[in-house]
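Protein chains in written order, with our numbering: chain R, 1 to 337; chain U, 1 to 337.
Derived from the structure by calculation, the hints contain no laboratory data.
Everything numeric in this text was worked out from a predicted model, so none of it was measured.
Some hints could be false.
Claimed, not checked - Residues from chain R shown here face chain U by an in silico Cβ test under 7 Å; the list is partial: (1) Q9; (2) R99; (3) Y109; (4) T317; (5) T319.
By construction, the Cβ of each residue, glycine as well, lies at the ideal position given by its N, Cα and C atoms.
2 protein chains.
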Amino acid sequence: MAKYKCGRQSFRFENPPAITTWASIAGKKESEGPLASYFDNTETDSYFGEKTWEQAEKRMQQLALKTLAAKANMQETDFDLVCSGDLLNQCIGSSFSLRNMGLPHLGLYGACSTMAESLLISSLAVGGGFFENAVAMTSSHFASSERQYRFPLGYGGQRTPTAQWTVTGAGAALVRPKGNGPKITACTVGAVTDLGITDANNMGAAMAPAALATIKAHFTDLNKKPDDFDLIVTGDLGQLGKDILLTVGQREGIQLGGKLADCGTLIFDLLKQDVHCGGSGCGCSAVTLCGYLLDKLNKGKLNRILFCGTGALLSPTSTQQGLPISGVCHAVSIERS
Amino acid sequence: MAKYKCGRQSFRFENPPAITTWASIAGKKESEGPLASYFDNTETDSYFGEKTWEQAEKRMQQLALKTLAAKANMQETDFDLVCSGDLLNQCIGSSFSLRNMGLPHLGLYGACSTMAESLLISSLAVGGGFFENAVAMTSSHFASSERQYRFPLGYGGQRTPTAQWTVTGAGAALVRPKGNGPKITACTVGAVTDLGITDANNMGAAMAPAALATIKAHFTDLNKKPDDFDLIVTGDLGQLGKDILLTVGQREGIQLGGKLADCGTLIFDLLKQDVHCGGSGCGCSAVTLCGYLLDKLNKGKLNRILFCGTGALLSPTSTQQGLPISGVCHAVSIERS
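The whole structure should be built from the sequences, with the hints applied where relevant.
Structure below.
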């Protein structure tokens, strides 16, 4: 058995890497929501000064990286690895943001699970002794996502009740071998899980089975239970997906009630902000983690969380071809240092 | 300094992981080329028995994984990590191939550098003691790529002289902590490099600067020179990109002549197969590595290669918006055991 492997899908660190610094950039709607005060920067211009929404996403990642460096009292060139990805076709938000910066880059695609996936891979790279200053980063943008996955905004399509609102935002976290800040103690890599949901406007239902599978795997592999955590935070299941996870979990003997929170329901006021089932997109769990959650852990308001990034694995092509939507969920156990 | 880190972008293993098994699946045109005898399976039906080319790509990855398991005398469920990605929007070739298999999956996007990127991340996961049986896998398909990036085939668009031919194929490699087979001794993570090429039909020129930057970084970080390798193999620069790399390398004092090979020129007969500048696509370097190169290393015909996966980071959206094409290149040093 590999030294740090636990069970089927998980590993645990002997010397847990630290998340020493984090940064979050958010858009206008997010700046009007309940987590507004936790973001480092908010911007009312949906273009972030660029000509296209895709370039706005690039700009958000650049701002997140710059802010991260400033908060860490480092130069951006001090980072020695950037693990990042986004929702845009061929992940151009991430690649364009790092253009000619000389930063070693591992490109990822995990849909909305990317914040957890990038943290997980950063922790492998740092915890294994291969890199020193690894950045986990991702972004999403409401307008670029809507036109890529559903309809261009100008079309004025009506949103269904199960729809979620893609968060405009970018988050970045610096992972180092040691230092002050919350520690990554263990991770579970998710498997592609699919119960046959085909409605591209109901991502929560598509992702909930993957979330449950990964949470169960984490508990089994590492001998944990819900009470070992202050909070089990899913990426962006939204209200419906969260309800499904609670119900199906209960049926399988996993009582998440009282412990479960979801970034998609934390980031917006669901009653006042007209976002239907809540937030979604890579940026949703990214800014909730790199704003709100890490801050709470750092200040001792939370001691231990299981951060479960959830992603819906579909493309407009697969949806048009009538294929179902798979989900994936990666879990990262983060503890107050 | 992290224990295994070398220089700015590289790391070296104290106990190099082994590539114990590899498998390759290729399409019709590839089965008519010079490497035909090295592939495990070839198929003349471009749909691989599926209804769409996107699903054909899924099927190819499934076949590669199944073949890998059979060659390793293992069950597919014995694999404990699959690092994979592809060129399709939202990497649906990879995610659909792993649907409901229960295999822990890290999704990657590195364009045509994915075989190198997935090997590199697998080696981190295994070399760091986190996983035991990691699979690095990728695929591409001529028809799904043409219609996504350029024109649907039925349109009959004329190919420019600098164009390359996307390889239809999938490759998979099993990385284990030890065992018989070529060893991964060191890796260099590439940075996003962009000299301003905007012609989406000239990927070789877009990727050559990234290849040179990564090869230089590998030499500097690990104190190596071209003569330390039997072969320096770039992913899929094609004939033009390879010529550019040789010329620009020479200008910068790096003499690659006599050592440089390119998967894009190895896989097809450029004079007879009407592929213009050669092969491309994630599958190009994947089947060349998981067919030809690892076989040569295993039989002692090669002792040490630097496998340099090259990727062009663009999307149809970025091209339509007039943006340049960045390149990235990851290098994996592989030695005969």
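Chain U contact restraint on R99/R - CB to CB distance below 7 Å: Holds: closest Cβ of chain U sits about 5 Å from R99/R, inside 7 Å.
Hint check, Y109/R versus chain U [nearest Cβ-Cβ separation less than 7 Å]: holds (4 Å)
Residue hint T317/R, partner chain U, criterion CB-CB below 7 Å: Given a least distance of 6 Å, the restraint on T317/R holds.
Restraint satisfaction for T319/R [CB to CB of chain U, less than 7 Å]: Violated, because the Cβ-Cβ distance from T319/R to chain U comes to roughly 10 Å (cut-off 7 Å).
Closest C-beta approach of Q9/R to chain U relative to 7 Å, hint status: holds (5 Å)
Taken one by one, the earlier hints fail for this structure only at number 5.
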